[in-house]
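J.: Whatever position you read off the sequence shown (first residue = 1), add 26 for this note's numbering.
A hint or two may mislead.
Derived CB-CB ranges, DEER-like [said to hold, decoys possible]:
| no. | residue 1 | residue 2 | range |
| --- | --- | --- | --- |
| 1 | 147 | 178 | 53 to 63 Å |
| 2 | 146 | 217 | 35 to 45 Å |
| 3 | 120 | 217 | 20 to 30 Å |
| 4 | 140 | 100 | 50 to 60 Å |
| 5 | 167 | 67 | 47 to 57 Å |
| 6 | 346 | 56 | 29 to 39 Å |
Honestly, the hints are just simulated from the structure, not real lab data. Note that CB positions come from ideal geometry on N, CA and C, so glycine has one too.
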Amino acid sequence: MAIPVIFGVLTITWFLSYVVGDPLAMYVTERTPDAAIPGIIRARGLDQPLITQYFLYLTSLFQGDWGVSTSTGADQPVLTVLARLFPATIELSIVAMVIAIVLGIPLGIISATRKDKAVDHVTRVFALTGVSMPIFWFGLMLKYVLFYQFSVWDLPHLPGGDRYNFRAFGSWQPTTGFLLIDSLLFEQNPALFMDAVVHLIMPAFCLGYITLAIITRMMRSSMLEVIKEDYITLAKSKGLSERVVIYKHALRNALIPTVTVIGLAFGGLITGAVLTETIFNWPGLGRWATNSILNSDIAAINGFTLLVAFIFVIANFIVDMIYGVLDPRIRFG
Numbered sequence: 027m028a029i030p031v032i033f034g035v036l037t038i039t040w041f042l043s044y045v046v047g048d049p050l051a052m053y054v055t056e057r058t059p060d061a062a063i064p065g066i067i068r069a070r071g072l073d074q075p076l077i078t079q080y081f082l083y084l085t086s087l088f089q090g091d092w093g094v095s096t097s098t099g100a101d102q103p104v105l106t107v108l109a110r111l112f113p114a115t116i117e118l119s120i121v122a123m124v125i126a127i128v129l130g131i132p133l134g135i136i137s138a139t140r141k142d143k144a145v146d147h148v149t150r151v152f153a154l155t156g157v158s159m160p161i162f163w164f165g166l167m168l169k170y171v172l173f174y175q176f177s178v179w180d181l182p183h184l185p186g187g188d189r190y191n192f193r194a195f196g197s198w199q200p201t202t203g204f205l206l207i208d209s210l211l212f213e214q215n216p217a218l219f220m221d222a223v224v225h226l227i228m229p230a231f232c233l234g235y236i237t238l239a240i241i242t243r244m245m246r247s248s249m250l251e252v253i254k255e256d257y258i259t260l261a262k263s264k265g266l267s268e269r270v271v272i273y274k275h276a277l278r279n280a281l282i283p284t285v286t287v288i289g290l291a292f293g294g295l296i297t298g299a300v301l302t303e304t305i306f307n308w309p310g311l312g313r314w315a316t317n318s319i320l321n322s323d324i325a326a327i328n329g330f331t332l333l334v335a336f337i338f339v340i341a342n343f344i345v346d347m348i349y350g351v352l353d354p355r356i357r358f359g
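Make a model of the complete structure from these sequences and hints.
T.: Have a look at this one:
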């Protein structure tokens, strides 16, 4: 299913960009000489029938030519921009997902095992708030309170944006592009590492809150279903402690639908980064996508959309493999 999905996304985005904008905009900028434009039109086949243009576009993609992005302040190949900004967004998304999983699964279990108790009601309100709250509003409120108001009150406050304190540490030469890894392993600068962690807290929690809420709700629902099963009743009748029954017998089966949500949610984090990175001035793909939309950068929009499709496909592939680990009866393929 992966290949049809990728081709479907690719085809739809290309035809939409053709209808909405000028296909020539993918290959020329304001700085392109007028004399060069006819040659570009011929080279790209833009004077050919629509279907021919589509297949020429596919050929260019497979050859690594995804067009030129004009929304970065300089004309750069889309693949170059993707490669440079991808680590920042993935780092943010991974931290957001870790927060969501580490908090969401235990909260869901506690809520299910304490059904209709005070802790269950609090957890359900917390989760319902997460799935109901617009991410841009939540991000703005976090920034207003934890950055602006705390600084007004002369309280320790979190940074309002960026990946690290440029004034304190100066320019940073990326090795892998992942600041947490580079600062600790290659730069060997614990102070830069801690500064990067502090800068991650607000945007990562903002981005991960919706996923945290979804995982909590799914884990609670799954656990409530599993603990009604006969084998759980049998385990309890044998005198096993609640902890053993829940974590040894019930958890594995309750995780299966939750893993599905986690896989889909990770792709959603990349799209959610569009708003989060814009609010927190995070130099990643999301902010680039926002600028691309505002500047009608067709090549960049197509490249970002295609990358998100790839991430969704890879996430679902990993989920299918995890199924086999959680339940041996499920076989990948």
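J.: Next, verify each hint and record whether it holds.
T.: Verification of the hints:
1. 147 - 178: 53 to 63 Å: violated (34 Å)
2. 146 - 217: 35 to 45 Å: Between residue 146 and residue 217, where Cβ atoms are some 42 Å apart, the hint holds.
3. 120 - 217: 20 to 30 Å: holds (22 Å)
4. 140 - 100: 50 to 60 Å: holds (56 Å)
5. 167 - 67: 47 to 57 Å: Taking Cβ atoms as reference, residue 167 and residue 67 lie about 49 Å apart, which means the hint holds.
6. 346 - 56: 29 to 39 Å: Hint violated: Cβ distance 46 Å, outside 29 to 39 Å.
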